[in-house]
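Engineer: Here is what each chain is made of, one letter per residue.
2 protein chains.
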Amino acid sequence: MLAALEATVGGANVLTADADVEPFVTDWRERYRGRARAVVRPGSTAEVASVVRTCAEHAVPVVPQGGNTGLCGGATPDASGDQIVLVLTRLNRVREIDTENATMTVEAGVPLAAVQSRAADAGLLFPLSLAAEGSCAIGGNLSTNAGGTAVLRYGNARDLVLGLEVVLADGRVWDGLRGLRKDNTGYDLKQLFLGSEGTLGVITAAVLKLFPRPQTSATAWVALADVAGAVRLLASMRQALGDRLTGFELISGDCVALAKVQFPSLPDPLPGHRWYALAQADDAAAHSPVASELETALADAIGAGIAEDAAIAQSQAQADDMWALREHIPEAQKRDGPNIKHDVSVPVSRIPAFLERAKAALDAAFPGVRYVVFGHLGDGNLHYNLSTPPGSPAAEFIGQTGRANRIVYDLVAESGGSFSAEHGIGQMKRDELARYKPGIEIELMRRIKRALDPEGMLNPGKVV
Amino acid sequence: MLAALEATVGGANVLTADADVEPFVTDWRERYRGRARAVVRPGSTAEVASVVRTCAEHAVPVVPQGGNTGLCGGATPDASGDQIVLVLTRLNRVREIDTENATMTVEAGVPLAAVQSRAADAGLLFPLSLAAEGSCAIGGNLSTNAGGTAVLRYGNARDLVLGLEVVLADGRVWDGLRGLRKDNTGYDLKQLFLGSEGTLGVITAAVLKLFPRPQTSATAWVALADVAGAVRLLASMRQALGDRLTGFELISGDCVALAKVQFPSLPDPLPGHRWYALAQADDAAAHSPVASELETALADAIGAGIAEDAAIAQSQAQADDMWALREHIPEAQKRDGPNIKHDVSVPVSRIPAFLERAKAALDAAFPGVRYVVFGHLGDGNLHYNLSTPPGSPAAEFIGQTGRANRIVYDLVAESGGSFSAEHGIGQMKRDELARYKPGIEIELMRRIKRALDPEGMLNPGKVV
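Residue numbers (numbering that gives the first Met the number 0), protein chains in the order written: chain A, 0 to 463; chain L, 0 to 463.
Be aware that one or more of the hints could be misleading.
Since copy identity is lost for identical chains, a pair holds within one copy or between any two.
Calculated pairs, EDC-like style, for lysine to aspartate or glutamate (alpha carbon to alpha carbon, straight line, at most 16 Å) [said to hold, decoys possible]:
1) K259 <-> D225
2) K340 <-> D77
3) K259 <-> D335
4) K358 <-> D267
5) K436 <-> D174
6) K259 <-> E442
7) K358 <-> D409
8) K259 <-> E413
9) K436 <-> D187
10) K333 <-> D430
Hints were generated in silico from the structure; no laboratory data involved.
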């Protein structure tokens, strides 16, 4: 079989030596370490199809992988050494940019940052934006239905796709590369492959939606007494700014303090408050009053007692500093020591009650536990992280991850929420899936899996 | 079986007399006339489940129906008299409005206009809007992935849904009524039921997204020399207005003339041009400069030679008049006589070339044929309709519908377009589906159908 694969993709693109294989069988967080029969790097859709067909003929499972930046081990092979890792980064062409149709056809291996910059070069915007954008591949973003900081306005990755090209489990190619905003000719098959983490097909290319490029921006850092105030502020700012409100991040005062300890040069625009919101407004118009509109909306909110104080960035540098404060929180927490992370969502209206109940339950279970809570409030998505209580051995705390997860996820479920808002399932959260999903939903997923991959050749052991 | 159904929903809600059944076995356009064993009107999700289970036990197929306003016969039973029509209009409760989460949970039978007005009562917007909104049911809108006039900004019906409740083919209920904007816990099952026209499950309720309510609007009627100019105007206005541009309709001068003949009291804001665009801009902000922004954008377009002239509505009455002119085109065409209709989409950038080629081919095939071309240019969606050549017998022209369809749909396919942009497949366009869809795509649809409805109990003979 390896000879057939080498004949397809060239010997240099079939890796089998341990040192060559190593970077592809370990996930980015280094939580999972698998083995692989080989790492195969096809250079075209036809080569992907041939590789998948060859593997199917030999009953060898395939693990698709993009930039290998996933957070749930979804692109890491299992320990058997039987699987092939199918790396898509050589499919890195932008096939077409159609400015009048506002679409871009890209191959799966194009890095997200390259998609963004090619769109900008064409005078348009591809809005998906997330921390790994320099190294993640667009195919992985689509396979995992990536989220990020602009979902409030533009939706998740799923919402940014008009068409897909997919290699099916038997190696045939489905060419669904349509650039249409309306097409009601039968089932919307692309939805099956978006977000299914490579378990139903291998995405090789996509037609992406592009948007008018923002030409005016305004950024504000807002101080709040509590999370209920943040929810009210979000509603009032959405009404005041409409779709110009593109980002609305919630950040606890504890997060700011932690970031300042680890990175003292970061700004602290409004010290001493319990909660903050970071609001971003953008406008496609070159001469837009968006900055004054943001200022008026915040003045109204302070006048109405919704917000305590607000600082509006007076320059792009100040705006960048505010975002840097937000974006340094994960790294600050990492430097601070081991921690337990959750990527949850609940309906926006239920976030204040959820946070109150979770704190009460966790304070009781883990006295002194420290909360690192931030996230995309506009999407109801919280990164709800717990750091080791001062004076406690970190290993002991981390050893209780399962117990902490149970407390958090049970309350999330009671609040009508999700235990994985944007990171997916991979291999990490399959047990949670089994626990929290209704049986009927798991059954439906399995029926879909059997319908599209009856032999279980695509990314087995992931999702469902 | 009828006794069991009567026991479930009450005798008054199982209709079998011809006169009672008649309105439910004929489609809105009166192109299809079926027969039914009975028309059953359950009043709750539990009753729907019970009816579907009973029918499954007796191997009796079920045809779900909402407001019965579909345009492709998707809700009309076949001629066998074996099928049950399952009418969902008694499921008409708004279960919840959550203003902070900007969501609304509605049952399938709520009329679209009622969804809109309940959202407005709560100070928010449900943006789906289409001609049948007074009588269509939201469940039908979701089952057919309805489009309409605000897709440019808000997307199709599919994009407006966060969660679904669905009765499966065996009568079990899947409760997927989640109100989350981010939830990556496995396959996005709701996508299967949205747009599948009742062939995979019966939608009984949904969680809908709500949006900030527009408080400022501006409407303009723009004269254009050609369609290429309309495409350029669309791009420049999207950049100038961003998401404030919520509608952008293309209308031929011939459409305006036809409407004026049939409805002389309609306005004619800029007589004598070959093409027109109707542009609508909305802003959530109460004191928005959107009207002056629209005016500036149009002045720039005229200055750049993109547009020939423009009239901006100076009052809501004038704006309503402009929209009335657009909305009277279908009725004017109907009064004018028999015609052949197409609901197509092609990439926006390819619309000018498509129109040119289609006109050349149809002029040759049907000398003197009259074109009634209008549609949602922002979505690439054209209602491309043909009226009888003057002096020709209408019956003879209509008898050549198949030949006209072939010319139009072949060119649509060559242009990367869709032969059914927003109306769906139903029973009317199944032959076109078989002709224009790649075999692999039809095979995938059938596999999904078998996975979710293995006995073929749900709306057989529709879609695939």
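Engineer: Would you mind marking each hint as holding or not holding in the structure?
Structural biologist: Structure-based check of all given hints:
1. Taking the closest pair of Cα atoms, K259 and D225 never come within 16 Å of each other, the shortest separation being 21 Å inside a single copy and 59 Å across copies.
2. With identical chains, the CA atoms of K340 and D77 are never at most 16 Å apart, being 23 Å at best within one copy and 55 Å at best between copies.
3. With identical chains, the CA atoms of K259 and D335 are at most 16 Å apart within one copy only, with a shortest distance of 11 Å there and 73 Å across copies.
4. In this assembly of identical chains, the alpha carbons of K358 and D267 never lie at most 16 Å apart, being 25 Å within a copy and 64 Å across copies at closest.
5. With identical chains, the CA atoms of K436 and D174 are at most 16 Å apart between copies only, with a shortest distance of 11 Å across copies and 32 Å within one.
6. Neither within a single protomer nor between protomers do K259 and E442 lie at most 16 Å apart by alpha-carbon distance, with minima of 48 Å and 57 Å respectively.
7. For the homomeric pair K358 and D409, the shortest alpha-carbon distance inside one copy (13 Å) is at most 16 Å, but the shortest distance between copies (62 Å) is not.
8. For the homomeric pair K259 and E413, neither the shortest alpha-carbon distance inside one copy (35 Å) nor that between copies (59 Å) is at most 16 Å.
9. In this assembly of identical chains, K436 and D187 lie within 16 Å of each other by CA distance solely across copies; the values are 12 Å between and 24 Å within a copy.
10. In this homomeric assembly, K333 and D430 never come within 16 Å of each other (Cα to Cα): the closest approach is 25 Å inside a single copy and 59 Å across copies.
When held up to the earlier numbered hints, the structure conflicts with 1, 2, 4, 6, 8, 10 and fits the remainder.
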